[in-house]
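Protein chains in written order, with the numbering used here: chain S, 66 to 364; chain X, 86 to 196.
What you were told as hints is all true, and nothing was included just to trick you.
Subject to a maximum C-alpha distance of 27 angstroms in a straight line, what follows is the list of computed DSS-like cross-link-like pairs (lysine-lysine):
1) K260/S <-> K126/X
2) K126/X <-> K253/S
3) K195/X <-> K87/S
4) K290/S <-> K198/S
5) K172/S <-> K331/S
6) K87/S <-> K172/S
7) K260/S <-> K172/S
8) K260/S <-> K331/S
9) K172/S <-> K306/S
10) K172/S <-> K195/X
11) K253/S <-> K331/S
12) K87/S <-> K290/S
Just some of the chain S residues that point at chain X, by a computed CB distance under 10 angstroms:
13) G106
14) V114
15) Y117
16) L121
17) T132
18) S133
19) H141
20) W142
21) D143
22) Y154
23) A159
24) P162
Calculated from the structure, these hints are not laboratory results. What you are looking at is a predicted structure, and each value in this text was computed from that prediction instead of being measured. Every residue, glycine too, gets a C-beta built ideally from N, C-alpha and C.
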Amino acid sequence: MTIPTNEMAEALRLALLRADPKLSRFDPLPRIISHDEFATGHCGWSQLVGNYEDDLDTMLPGYAQHTSAMLSTLGHWDSGSHGGMASSYALKIATRPRTGAQNVAIKRHTFRHRGRIRFELYFTFKPEASELKLGETDVRSVGFLFDLQAGDRDGGAERVMPHLRFLNALDGDHVQRWQFKQQTTEFKPVGSGDKTLSHYHLAPEGWEDLPGGEQRLCYNEIATKVNWTYLRFDFDLDTMKALDFQCNDRRFDMSGFESIRIPAMKNLWCMLNFCLFAETDTDKRAFLYVDSVCISGDF
Amino acid sequence: MLPENITSVVSRNETWTGTAASEPHEAGWAREVVIFVRALKEPKGPQPVARVEISPDGMRWVAEGTVTAMPAERDGIAVMRVAHFGNWLRVAADFADGSQSTVLVTMHLKA
Chain S
66 MTIPTNEMAE ALRLALLRAD PKLSRFDPLP RIISHDEFAT GHCGWSQLVG NYEDDLDTML
126 PGYAQHTSAM LSTLGHWDSG SHGGMASSYA LKIATRPRTG AQNVAIKRHT FRHRGRIRFE
186 LYFTFKPEAS ELKLGETDVR SVGFLFDLQA GDRDGGAERV MPHLRFLNAL DGDHVQRWQF
246 KQQTTEFKPV GSGDKTLSHY HLAPEGWEDL PGGEQRLCYN EIATKVNWTY LRFDFDLDTM
306 KALDFQCNDR RFDMSGFESI RIPAMKNLWC MLNFCLFAET DTDKRAFLYV DSVCISGDF
Chain X
86 MLPENITSVV SRNETWTGTA ASEPHEAGWA REVVIFVRAL KEPKGPQPVA RVEISPDGMR
146 WVAEGTVTAM PAERDGIAVM RVAHFGNWLR VAADFADGSQ STVLVTMHLK A
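Just need the whole structure built from these sequences, with the hints factored in.
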């Protein structure tokens, strides 16, 4: 019997992936756009800076609070460095110690094919261990978003921003559910010219529960023990729709999911941005740690 | 592979008064850092000495020993170089009543 070439190629691709200890824990689509392991550096995860013109005071407060992501060994006062899954290092996104504070790291690309993309990562989160308590309701949320825009020749082009967050706690209530967002804030001109606008899409208003999105994650038993969690999100750049979402052993129905959609902007064509964020629910820093990220596409 | 080398903006357009400090920055991978403190606006009042602080846990801070005068005028830049700091870094300064400075603090870290 002859095996079709495409089946052979796929079998070979999978065999190579599964034999590679660095990639075997991911399920990438045929093209790997980036594979980030933080023992090799920051891998392009930079600070999300807000727009401004003439004066930094024009930056919206939501962005002004952001700081640079760090390479962390998850060092703890009581037990030393926790380390990552395959090296000592993880990317760390830390908020300020003020209730509701957020921080965002971003990776900025563009795309060359409008099709399925896959975002996979291993992550964990904890509050700063400033008290001898579990602190399971100190982190408000961790999450991710994409910032996408169609190509300059596409009809009906939009800027599309799928957002998903794990709402761990809100005002001390241990909520533990996935949420999405369709609302942003009103666009405001920044500075004295007409070239720059800004909106704060991570404003606290407008989050909606993902249907069936309740999930209890492994949190462990003191503030300095963490466990890595797998996450996968598939999105179609052609239809600009979410296709699939998995966190650890749970897959979620994305038929009720929708993204923030706004008219295309004049300078963001083929934009393919990825953001990771953390929010704190108390006057204590919240930390999102990311062991590794694999972004892949079907092209 | 080239050794890691990164510029981190740890305080941007923050107005420092009283006992002020940048957010904790974890950089145990780096062997050296050059820290710049730039005054984005005209500082008000007498300007204090800025100091590098290090920490065993990112929560409890100890003066490392490196100090420099805060910039005395808008766009003035203070510089501190440190090559032995463990894992945690921040910049701190104590402003007298009525004194302040709006700062841009950047850390230039190298493995």
